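Those protein sequences? They're chains A and B, same order as listed. One gets my numbering by counting positions in the first sequence from 1 and adding 1280 to each. One gets my numbering by counting positions in the second sequence from 1 and adding 20 to each.
No lab work stands behind these hints, which were simulated from the structure alone. Here the structure is a predicted model, which means the values were calculated and not measured. Some clues are possibly wrong.
[Said to hold, decoys possible] If you only want the chain A side, here are some residues facing chain B, beta carbon under 8 Å, derived: (1) A1284; (2) R1289; (3) L1307; (4) G1332; (5) G1355.
Glycine is no exception: its CB is placed at the ideal position from the N, C-alpha and C atoms.
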Amino acid sequence: MLKAFELIRPSNLAEALAAVASGATPLAGGTDLLVRMKKGMLAPKKIVDLSGLKELSEIKEDEENIILGSLVTHGDVVDSELTNNYLPLLVQGCRTVGSPQIRNTGTLGGNIVNASPAADSVPPLVALGAKVVLSSVNGEREMKLQEFLAGPGKTLKRPDELLTSIVVKKMKPEERCLYRKLGQRKSLAISIASVAVKFGFDPETKKCSNPGVAFGAVGPVVRRAVELERLLEQKKLDQQAIKEIASKAREFCDPISDIRASAEYRREMCCSLLYEALYELTC
Amino acid sequence: MEKVTVNFTLNGDHESITVNPNLTLLEVIRDVFGLTGTKEGCGHGECGACTVLLNGKAVNSCLVLISQVEGKEVTTIEGLSRDGSLDPLQASFIETGAIQCGYCTPGMILSAKSLLLKNGNPSDEEIKTAISGNLCRCTGYAKIIKAIKLAARNGKTKDAGGES
Ligand SMILES: Cc1cc2nc3c(=O)[nH]c(=O)nc-3n(C[C@H](O)[C@H](O)[C@H](O)COP(=O)(O)OP(=O)(O)OC[C@H]3O[C@@H](n4cnc5c(N)ncnc54)[C@H](O)[C@@H]3O)c2cc1C
Ligand code: FES
Ligand code: FES
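Could you build all of it, start to finish, from the sequences and the hints given here?
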């Protein structure tokens, strides 16, 4: 049984912000938090259950962006017309999370704040240049998701803040994208290595535009590979160029060895995953 | 520990319970309501034995805190049969022999139910995805997939016949 705690059940965002300001730990879907509490890694004294907050559960759009509430689940992303139309890369990432049950409860906000280098919604969001919105009783601030991620399990979120939404520029209809994840099996597998790639591509000239590339599980945080993006933009993407660029992926990752894979294997897999992705996207 | 009152629907009945907040939905289903069809395997979201429907979607009840079901509809295996007649999935699992020890069966059937609620004519791939969070150590899954296909077909003929 879970250790005793005080539970706060806010009826709106203001009450939730007051609760975190008083030191309560936020509970979204609970798929990370409850596991850690059950394993005895965490024993919060006070928990604020965000799950009823409708204002954080919506997927909206404006002219340029898709705005995802932090309580949007991976399953919501997979099912929503807005994300399928404008953020297919994120849909692909969310589709690989855990199992249907985990996708139906696990949220984007929880996935991001948990700050696992292997979080599957994060490489797509980073490759797309997503921003996060943080709120507290004192106001709101916005920053690039890339900057928000500070290390394994670490973010720049202050204890009195909630992640309230994620803002992502709409992809253009002509942009191609792929999220590729290597796990020990197809479902319920934590990423050993993953890559998210998107760009506009002209099959005539084989030139790409507006590229985004990010790797997961091969460094302390999910990181955008800006140097690889530059190479992608400069070169005519024929077979030779794709091989060359993919082989450079190892320079942009800084993996660890753990029970799932060795650092060297991860480095090799980064190159292979990127090669596969570039091959599929340019043929 | 201050207790919480949670209002929700369990298998069609409105319930209001006042309990300690550190209970999971699984503990409430089994220990408060005595509905032992829902099983605990791993307790960590890995096996799917504890799967129930929350507003029609499959979730691991071992990883849902009781306050999270406020205002929602919970369906357990006990809530699938209607007026004494089995759900097409329950009937097809029996007919196909998709059950051996039976420990995974309630969760497996609810994952399948969540699929059929959305998609009455699923492909093999869609069925495999839908049950990918449910482990079965006995059957090898082939008969489970067969049973779900059979239920999809039977469900349709029933609808066409005007019953539901
Ligand atoms: C069996 C299993 C398989 C899994 N497989 C995968 C997988 O394949 N890929 C993957 O990426 N993840 C996986 N996960 C991890 C987890 O499901 C995801 O990270 C999920 O998105 C977490 O979201 P949540 O809403 O459940 O988070 P919670 O557990 O509710 O919260 C996680 C952390 O974030 C904090 N938090 C949550 N929301 C906010 C907010 N809005 N503002 C501030 N802080 C907040 C919480 O306090 C907590 O510290 C798996 C988990 C399990 C149990
Ligand atoms: S008991 Fe809940 S998933 Fe195993
Ligand atoms: S029938 Fe025994 S675990 Fe599935």
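How the hints compare with the structure:
1. A1284: holds, 4 Å
2. R1289: holds, 6 Å
3. L1307: holds, 6 Å
4. G1332: The hint holds - A:G1332 has a Cβ within 8 Å of chain B, the shortest such distance being about 6 Å.
5. G1355: holds, 7 Å
Of the numbered hints stated above, none is contradicted by the structure.
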